[in-house]
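Read top to bottom, the protein sequences are chains A, B and C.
Counted from 1, the first sequence has number 101 at position 101 by the working numbering; the numbering is strictly sequential.
For any residue, its number in the working numbering is found by taking its place in the second sequence, counting from 1, and adding 130.
For any residue, its number in the working numbering is found by taking its place in the third sequence, counting from 1, and adding 283.
Just so you know, these hints were derived from the structure itself, not from any lab.
One should not assume that every hint holds.
[To be verified] In silico DSS-like pairs for lysine-lysine, Cα to Cα no more than 30 Å straight-line:
#, chain 1, residue 1, chain 2, residue 2
1, C, K565, A, K85
2, A, K13, C, K746
3, C, K424, C, K565
4, C, K565, C, K623
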Amino acid sequence: MSFEEKEMAENIKRISGVNPRKCMKCGKCSGTCPAYEEMDYHPHEFVAMVEKGRIDELLASKSIWTCLSCFACVERCPRSVEPAKLIEAVRLEVIRAQGANHLKAVQIPELLDEKLPQQAIVSAFRKYSK
Amino acid sequence: MQIKIDENGNFKPTIVAFCCNWCSYAGADLAGTSRLSYPANVKIVRVPCSCRVNPLFILRAFQRGADGVILCGCHPGDCHYTTGNYYTRRRMTLLFNMLDYLGIERDRTRVEWVSAAEGAKMARVMNEFVARICELGENKRLEDLRCKKSLEE
Amino acid sequence: MQRIGVFVCWCGTNIAATVDVKAVAEAARKEPGVVFATDYQYMCSEAGQKLIRDAIAEHKLTGVVICSCSPRMHEATFRKTVEAAGLNPYMLEVANIREQCSWIHKDRTEATEKAVVLARTAIAKVSLNVPLTAGESPVTKRALVIGGGIAGIQSALDIADAGYEVDIVEKQPTIGGKMTQIDKTFPTLDCAACILTPKMVDAAQHEKITIYSYSEVTEVTGFVGAFKARIKRKARFVDETKCTGCGECTSKCPSKKNKNEFNLGLDNRTAIYIPFAQAVPKVAVIDAESCIKKKTGKCGLCQKICGAGAIDYEQKDEYIEREYGAIVVATGYNPIDLAKYDEYAYSQSPDVVTSLELERLMNAAGPTKGTLLRPSDGTHPHTIVFIQCVGSRCDDARGKPYCSKICCMYTAKHAMLIREKYPDTEVHVFYIDVRTPGKNFDEFYRRAVEQYGVDYIKGMVGKVVPHDGKLLVQGSDLIANEQVRIEADMVVLAAAIEPDKSARSIATMLTASIDTNDFFTEAHPKLRPVESPTAGVFLSGVCQGPKDIPETVAQASACAAKVIGLLAKDKLKGNPCVAHVNEEMCNGCSTCEKVCPYGAITYQDKEFRVPGPKRTEIRRVASVNEAVCQGCGACTVACMSGAMDIKGFANKQIFAEVDAICR
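This is chain A alone, in the form it adopts within the complex (with noise of 0.2 Å):
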């Protein structure tokens, strides 16, 4: 692990106070993941390429946006390791490096369904505005 990815690791490890090597490898987070199909890194891979550095590739990684924030791995986890946190955390870094917004406002009518819940939209755009 290079100088540069140890301190990007750290720095995901401290936003969202996970740890990563308490994962045991068991892939209950994957296995719970409504999301699954629509990740190119999936839960688990998310806590072992945090702790192996792998930072540069998760921040590029369709799965950042992709994940619901359902929480379900962090409920179902045996370790209390919580991945969600973590895909949070690497989420946040994008945000907060690029300045950009992902969603604006007046985009949101064409993407309304009428089955969405208004908290969903109220933290979707939270999510992926700065």
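Knowing the structure of chain A, use the given hints to seat chains B and C on it.
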């Protein structure tokens, strides 16, 4: 009064070691049977458990002119009396803080976990400890000259 | 003033080569109290010992210092020597001038100097020694075994075979424990009942064994060799001496819809019941909560039908008090409650079962007579999913942080048996790690995979959803790196095991210690694995940690050996180097009581003479039970008033040693 200078003019510290009967004393014996040498300055006092060592014993040693005191017990979790060394660990943390406050160098006291199988560790620890005490020089802060004098008379 | 003799050993050349033994003896002679000092080639030889004995007689010695090898080597030898010469054996100190002097130093002057200091230290200590007598206490030649599972039965049989009386106290109506519920045992696939029930009968028929079934230990006092236990015999409303176990009553009882505990609620039993056909004792018991007579006062059918006249609705709980020399704890385990694991749908679908429930479903004496059928609709399952580590290795509040040890093997066993019996069944096992350390264990697991084609999937199941009579299992396959979905007919959960709920209260009763998971702590994790730190209390089986049957039996026999070793003694000679309280100084603060790992310290109100018109006053002071105290000395340091001391390692003696070293 002990003469703490050898014929070559080098400092010869007095060191008291407390060793628990079940692990560390046996470890010291093993160092002996393995012929692993450590300085002769170290004199071992056998106690049933490291938790038998009253902080007063350590203070007394310093008062009487010891230059270093080392306390050895079983590894945490291996105590013959189950929990004795945990007591030791807490008590010594407090005592060492107090000694620090009194101006006794932190390195003059030490707690080490030495099992009955660790003769080599015992010798290494003692060598390191004596070397460090030699660097620190004579302990004069807590030495009680009055009791020395009364003893000499 | 003591009259001390100093004996310096050469140990051939072991000591004499690096230490000037004559000089050591010479220096020792100048120490206060020393009246005699000499050296000899081999002090431990018969001639050397005679030299010591003669010197004691000739010089009227009151204390002896031997400068020789480590006290761990020959202290006991020399204690016997001085005792033979009429001296108290504890009036002896050994200065270790071999292991801790001659063997580690090369310079003769330096080594001699150190030997002199070590001799001086021992002299300083021995001059403060006082004669000590080891306390003696009688041993009651009877053992109590708490728990009548395979561990308890094995310990009891071994102790009884050595000729000692044993009482087994079992809280269930029958002995046998968890093993009675198990179908087959790994890795030999022996039928559990076939190997257990003969042992149960052996225990029942053994003339030295008394079985108290449906009973509980409610109180234990006393100490090693002389425990006193109070046993509650719960009312079973059937006279044990009259009941023949014919079972007529169970066929007539009108209250039939009660959960059968033996089959883990998979079928029903009557209110009066015999747990299973091979129960020991084979005596019926009435479950007062479901008995119509007990609830409404009307019925009494079983009483009418019982030919032996054994039914007694008015029976009351009885209490027995007995003395025991040793206590064996064999309280065993239970699978954890899975109600909190809703992702596995255990409480939502009857087709999600625990492994122990599967044992019953596959057992010939079980609710399905040995045919594997789905509990929901009684059809044959075609796809079965096993999930391992349910609650084991979990660091949250729902599970247990430890590995339950037995699950990998029994899951392999179940998978193999199902594939063998029903080759049309697909079996998938989700695992995190497969742990098979044990004789023939890994071979067994590999056989399940290679020969029987069990599908092992590395990964965990995320959720199980009951849907349309099927169970949708979603998990991850970490090696293929994909999420797998299986439509299963049955899901089997390898639930973690935890110590029986009674462990905590029994540990409190016995002042034995338990760890954070409620497993009993052993006296030493490596060297004394079957003893509790509390003298006279021994550990057998899973109450000490997860174990399979062979390990449990091995530990139970080891435990019995320790008990026999204790009961074989007529009197227990304690270690005289134990704590001692100076009652005049004790202020009754209870600090020592809290640090004592053995519960050896209690408090008593005692009357003391005081100056003034009152003459006496009553004060609360500590008192040490010398039979229980092991002499660690934790209390001596904790005592704020300096009232606690250890005999043989007294404060004064250690101060004297420190002074002698630093002089």
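Earlier hints that do not hold, by number: When the structure is compared with the hints, numbers 1, 4 turn out to be violated.
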